[in-house]
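S.K.: Please work from the sequences and hints to get the whole structure.
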Amino acid sequence: MASAFSGGRVRIPHLAAALAALACCASLAPDTSAQNQIKIGVLEPLSGPIAAEGRRQLNGMEIVRDLINERGGIAGKQLVWVVGDVPDATAATNEASRLITQEGVKLIVGTFSSSLCLPASDVAARNNIVYWEVSCVDPRFSVRGYKNVFRTEIDANGFGWYELEFIRDALPKKLGKELKDIKLALLSEDSAYGQGTTEAARKRAQELGIPILSVDFYNRTAMTDFTPIILKLKAAQPDVIIANAYTNDAILFWQQARQLDLNVKAVVSAGAIGSGSPDFGKSLGSTAEGPFSLLEPAGLNPRALAKQVAELEAEIAKRYQARYNERYAASAQLGAAGLWMLFEVLKKTGGDLSPEKVRAAALSLDIPVGGTLNGWGVKFQDNGQNAADRVQHYIVQWQDGKQVTVWPERFAVAPMRYVPLPKWSERK
Amino acid sequence: MAVLPQLIASAIILGGIYALVSIGLTLVFGVMRIVNFAHGEFLMLAMYLAVGLFATTGIDPYLGLLIAVPASLAFGSVVYFGVIRPVVARPHVVQIFTTLGLSIVLQNAALFLWTGNFRQLRLPYAEKVLSFAGAAVTVPQIVAFTVAAGFTVALFVWLRFTYLGKAMRATAQDRGAATLMGIDTGKVLLAAFLVGTLCVTVAGMLMAPLFATYPTVGLQFVLIAFVVVVLGGLGSAIGALLGGMIVAFIDVGGGYYVGTAWKEALYFVVFIAVLLVRPAGLFGQRGAEHLGA
Amino acid sequence: MTMRSFGWHRAREHLAAGALFAAALLVPLATDNLFLQDATIFILLWAGLAGAWNIAGGFAGQLSLGHAAFFGLGAYTSTLLKIHLGLSPWLGMLCGAGLVVAASGFIAFAATRLRGPYFALVTIAFAAVMQIVAARWYSFTRGNEGLSIPFDPGWANFMFAGKLPWTVIALCYVVAIYALATWIKRSRLGYQLAGMREDDDAAQALGIDTRSLKVLSIAISAFLTALGGTFYAQYVGFVDPTYVFSIDLSVKFALMCIIGGMGTALGPILGAVLITALEMGLRAKWGGGRSGLYLIVYGALLIVVVRVMPEGLVAGLPQTVRRWSARASRAA
Numbered sequence: 071m072a073s074a075f076s077g078g079r080v081r082i083p084h085l086a087a088a089l090a091a092l093a094c095c096a097s098l099a100p101d102t103s104a105q106n107q108i109k110i111g112v113l114e115p116l117s118g119p120i121a122a123e124g125r126r127q128l129n130g131m132e133i134v135r136d137l138i139n140e141r142g143g144i145a146g147k148q149l150v151w152v153v154g155d156v157p158d159a160t161a162a163t164n165e166a167s168r169l170i171t172q173e174g175v176k177l178i179v180g181t182f183s184s185s186l187c188l189p190a191s192d193v194a195a196r197n198n199i200v201y202w203e204v205s206c207v208d209p210r211f212s213v214r215g216y217k218n219v220f221r222t223e224i225d226a227n228g229f230g231w232y233e234l235e236f237i238r239d240a241l242p243k244k245l246g247k248e249l250k251d252i253k254l255a256l257l258s259e260d261s262a263y264g265q266g267t268t269e270a271a272r273k274r275a276q277e278l279g280i281p282i283l284s285v286d287f288y289n290r291t292a293m294t295d296f297t298p299i300i301l302k303l304k305a306a307q308p309d310v311i312i313a314n315a316y317t318n319d320a321i322l323f324w325q326q327a328r329q330l331d332l333n334v335k336a337v338v339s340a341g342a343i344g345s346g347s348p349d350f351g352k353s354l355g356s357t358a359e360g361p362f363s364l365l366e367p368a369g370l371n372p373r374a375l376a377k378q379v380a381e382l383e384a385e386i387a388k389r390y391q392a393r394y395n396e397r398y399a400a401s402a403q404l405g406a407a408g409l410w411m412l413f414e415v416l417k418k419t420g421g422d423l424s425p426e427k428v429r430a431a432a433l434s435l436d437i438p439v440g441g442t443l444n445g446w447g448v449k450f451q452d453n454g455q456n457a458a459d460r461v462q463h464y465i466v467q468w469q470d471g472k473q474v475t476v477w478p479e480r481f482a483v484a485p486m487r488y489v490p491l492p493k494w495s496e497r498k
Numbered sequence: 540m541a542v543l544p545q546l547i548a549s550a551i552i553l554g555g556i557y558a559l560v561s562i563g564l565t566l567v568f569g570v571m572r573i574v575n576f577a578h579g580e581f582l583m584l585a586m587y588l589a590v591g592l593f594a595t596t597g598i599d600p601y602l603g604l605l606i607a608v609p610a611s612l613a614f615g616s617v618v619y620f621g622v623i624r625p626v627v628a629r630p631h632v633v634q635i636f637t638t639l640g641l642s643i644v645l646q647n648a649a650l651f652l653w654t655g656n657f658r659q660l661r662l663p664y665a666e667k668v669l670s671f672a673g674a675a676v677t678v679p680q681i682v683a684f685t686v687a688a689g690f691t692v693a694l695f696v697w698l699r700f701t702y703l704g705k706a707m708r709a710t711a712q713d714r715g716a717a718t719l720m721g722i723d724t725g726k727v728l729l730a731a732f733l734v735g736t737l738c739v740t741v742a743g744m745l746m747a748p749l750f751a752t753y754p755t756v757g758l759q760f761v762l763i764a765f766v767v768v769v770l771g772g773l774g775s776a777i778g779a780l781l782g783g784m785i786v787a788f789i790d791v792g793g794g795y796y797v798g799t800a801w802k803e804a805l806y807f808v809v810f811i812a813v814l815l816v817r818p819a820g821l822f823g824q825r826g827a828e829h830l831g832a
Numbered sequence: 015m016t017m018r019s020f021g022w023h024r025a026r027e028h029l030a031a032g033a034l035f036a037a038a039l040l041v042p043l044a045t046d047n048l049f050l051q052d053a054t055i056f057i058l059l060w061a062g063l064a065g066a067w068n069i070a071g072g073f074a075g076q077l078s079l080g081h082a083a084f085f086g087l088g089a090y091t092s093t094l095l096k097i098h099l100g101l102s103p104w105l106g107m108l109c110g111a112g113l114v115v116a117a118s119g120f121i122a123f124a125a126t127r128l129r130g131p132y133f134a135l136v137t138i139a140f141a142a143v144m145q146i147v148a149a150r151w152y153s154f155t156r157g158n159e160g161l162s163i164p165f166d167p168g169w170a171n172f173m174f175a176g177k178l179p180w181t182v183i184a185l186c187y188v189v190a191i192y193a194l195a196t197w198i199k200r201s202r203l204g205y206q207l208a209g210m211r212e213d214d215d216a217a218q219a220l221g222i223d224t225r226s227l228k229v230l231s232i233a234i235s236a237f238l239t240a241l242g243g244t245f246y247a248q249y250v251g252f253v254d255p256t257y258v259f260s261i262d263l264s265v266k267f268a269l270m271c272i273i274g275g276m277g278t279a280l281g282p283i284l285g286a287v288l289i290t291a292l293e294m295g296l297r298a299k300w301g302g303g304r305s306g307l308y309l310i311v312y313g314a315l316l317i318v319v320v321r322v323m324p325e326g327l328v329a330g331l332p333q334t335v336r337r338w339s340a341r342a343s344r345a346a
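Residue numbers (the working numbering), protein chains in the order written: chain A, 71 to 498; chain B, 540 to 832; chain C, 15 to 346.
Careful: at least some of the hints might be erroneous.
[To be verified] Derived list of chain C stretches under chain B, where covered just means 3 residues or more per stretch with a C-beta under 8 Å from a C-beta of chain B:
id : region
1  : 142–149
2  : 218–229
[What the hints assert, rightly or not] Here are the simulated EDC-like cross-link-like pairs (lysine to aspartate or glutamate), alpha carbons at most 16 Å apart as the crow flies:
id : chain 1 : residue 1 : chain 2 : residue 2
3  : B       : K667      : A       : D331
4  : A       : K250      : A       : E235
5  : A       : K147      : A       : D422
6  : A       : K352      : A       : D470
7  : B       : K667      : A       : E496
8  : C       : K199      : C       : E212
Please keep in mind that the hints were generated in silico from the structure rather than gathered at the bench. By construction, the Cβ of each residue, glycine as well, lies at the ideal position given by its N, Cα and C atoms.
M.R.: If you want it as structure tokens, here you go:
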């Protein structure tokens, strides 16, 4: 039998191969950008398990970038970028270093998830490069004392908080019950996102005095059958389920809820995944009607927006649909809004990417809610975090195969339906 | 609705699905002694085939089996001659990394071609929920289970009573001796791989209406398949069915009585225990882990 | 092979290693290139981890695909001790390594009962269980959110602002493992391991205590892997179960060692250089484009290389060259 083990001999050719490989990496001389361009770096997970959302985020940013460039760029210069694929933390570290050194970028935008945004921003911050986060929600992001790290989106604590805010504000009237009589069950996938959001939701529910019947976590890759949980929920009979799921499990859960006849009055989720993902509606058709998702807005009441923002939203949505053949939603909106805010900042600095100028410009921005994309406002705090009360969040509902904004009422494009959710036996 | 009948029904159906996914793996692992880490990706490709077929031509996965069967044989042959056969006589380490490489290629080919979006096959006539002995089941579930059971029985009969089947079992026991007995082991290995690919392709087609399809969906099932195969015993069709049932009951029962957070830990622990105490599994040959190529 | 040619080859191996070490040290000293410095540190870290795997996988023939269990356990132990008790990560590293040696006893036990792919499967399951425990035990490990290590430079904190200290530490790690591997190969232990790996039953028949050998080699391998885990945690500043216990990592350790040449001291280092350079290069070239392309190339290369050169590049390349030139001369 052939042995796989060598006799331990080293040959010069392999050594040469190894050194050549090293030299190859090193000989990638740093790229100097052209004079009439502003070059930044973008990091997104484009491969691996969250590739779908990373890609959508990048798409949203591309639409905005092209719009910016068409309208004259930033201080007369075109915005260009280099993209790095960051499927895991090591890649985040490597790619951040590569973009800074080999590509010579002075500003990095990214990065979708907690395990990526923390290491990537560490690298940037320690090398005096501005880091602009558009979507990760880890609460630890803004407590590290960095002066040149910014985040346009609120953190997971905010998400959980908002889910309860919606329940507190909208459901008691519609259900004809008092808040303390609304029974809540929490069901969540167990990644950083699900855990953070659900823990925050649980805390707030306790503060509001809402009875919590159960909290269940599961691993979305290992979940092939929700029957046990659904049976338990049927016995417990909650009024509202907060279901923070990822997409494949959200689809399975909803299908099995129908099969096993689990009837609750409302289902709320958070984020651009799960029932908030366009794939949910595409996959389930008419069955998808009803769940609420805390999300970027699916249509905004133009009267709640500053005029040019309303036009901008419409234009971006149109172009996105045309170029990518799917609705402008969720992760794409986060990317677009984040990049637009950066644009506002860079307009003020005249295209200067130095940390001091960027920080000064960012902290000086004061845009009220409704004043920028997604109907958000901007007010960066000292730690680089956009103030929670400016980052308006919305509840979006699946109606007639589309996601529409239904809350807060001032921004809604359609009234809430299906509260309480009709029983499965009564649905078409 | 009573709890126990539903739990049992769900477990049985899930068990059938697990068995169907695992039968192919047990054949390949048992006869060829190759750990096919790309098994999950074969499943994924079959699911994409079902989704694509339905989306473009409206052919449902059951009718689509007529297309899937020859497609799987063709695909299996290409993979076998291109990737697997050159490493059949090589050390384990080479085989492991070959199938791992294949897994990476297939996963990312799917990502590249079809994006990471989640797709769900929805059969209009399958929306109906049926009631059976106090449990709610759907048509796709019943079909998946029936086919799984049928396949297992068919495979068992085939392995036991046909020449090729017996040749496979002999090769699984001891390849050297089988060659000495005049068996064309080259043909047997090819047949094992093709049958294995066929089984997992059928599994994928039947599972497409039940689970979302996405490039890494194979990961959801491949580890379970390994647990089932080890539990049931290499190369045993009946072992795959029973192993699938046991794992499904642990899955569903554990999910209900213990909680969903720790249930995978449960079947990994079972997996490790079986490997250490009785590696041959329920129906595998004792000492099989020491024999073979 | 004569004793003399053995000696000559050994000297060349040491020379090559020395050259690589010197080159690695030069990087933070002679250049400002952040990317190159970062890449060098990672290459050294992976080289050490591949070398650690080599002791169990290459020398002892125990093909583990679950070494991430040791890596992650080391990373988590030192990090948790630092966060909850304020313990210096240096001490935490030793605690983690000690804990890992205890845990490795389980794997060693499995090794005495299982061979080949069965053993590999147990190691995979072991790492998977660790991952599940780390992910579910939210109150202790913050579950899947992972642990973040605050940036607080200082030798006591095992945290540095510049790249030079990191490079030096990583270099010491690799050199120590290289020296260990060299010593093992030439020692009685090495010959016994070689005997066991080539044919376990024959070795036992000759009176070699294969059980103790397995326990020893796996313990050493696990210990060294855990040290690397702590280094990673400190350098990247972030640990989460999905990455540090992942099968991708386990595969990586094994892969680098195999590509470079199992059972040699230099092999893991060469393998680490090549695989890391390949990964980084592919990702830089194609990562930002259509999803998954560079991974398709990576996987395809994996299939080809492992088939064509199973002995690793350290020995495989000359054989392939000789085979092709022999074929060419025959055809002529």
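S.K.: For every hint, state whether the structure bears it out.
M.R.: Okay, the hints, checked on the actual structure:
1. 142–149: That given contact holds, which follows from 4 residues of the region 142–149 of chain C lying within Cβ reach (below 8 Å) of chain B.
2. 218–229: violated (count 0)
3. K667/B <-> D331/A: This hinted pair holds, its Cα atoms lying about 12 Å apart.
4. K250/A <-> E235/A: Holds, because 14 Å separates the two Cα atoms, which is no more than 16 Å.
5. K147/A <-> D422/A: holds, 11 Å
6. K352/A <-> D470/A: Answer holds: K352/A to D470/A is near 12 Å, not above 16 Å.
7. K667/B <-> E496/A: holds, 13 Å
8. K199/C <-> E212/C: Holds, at about 14 Å.
Against the hints set out earlier in the document, a violation occurs for number 2 only.
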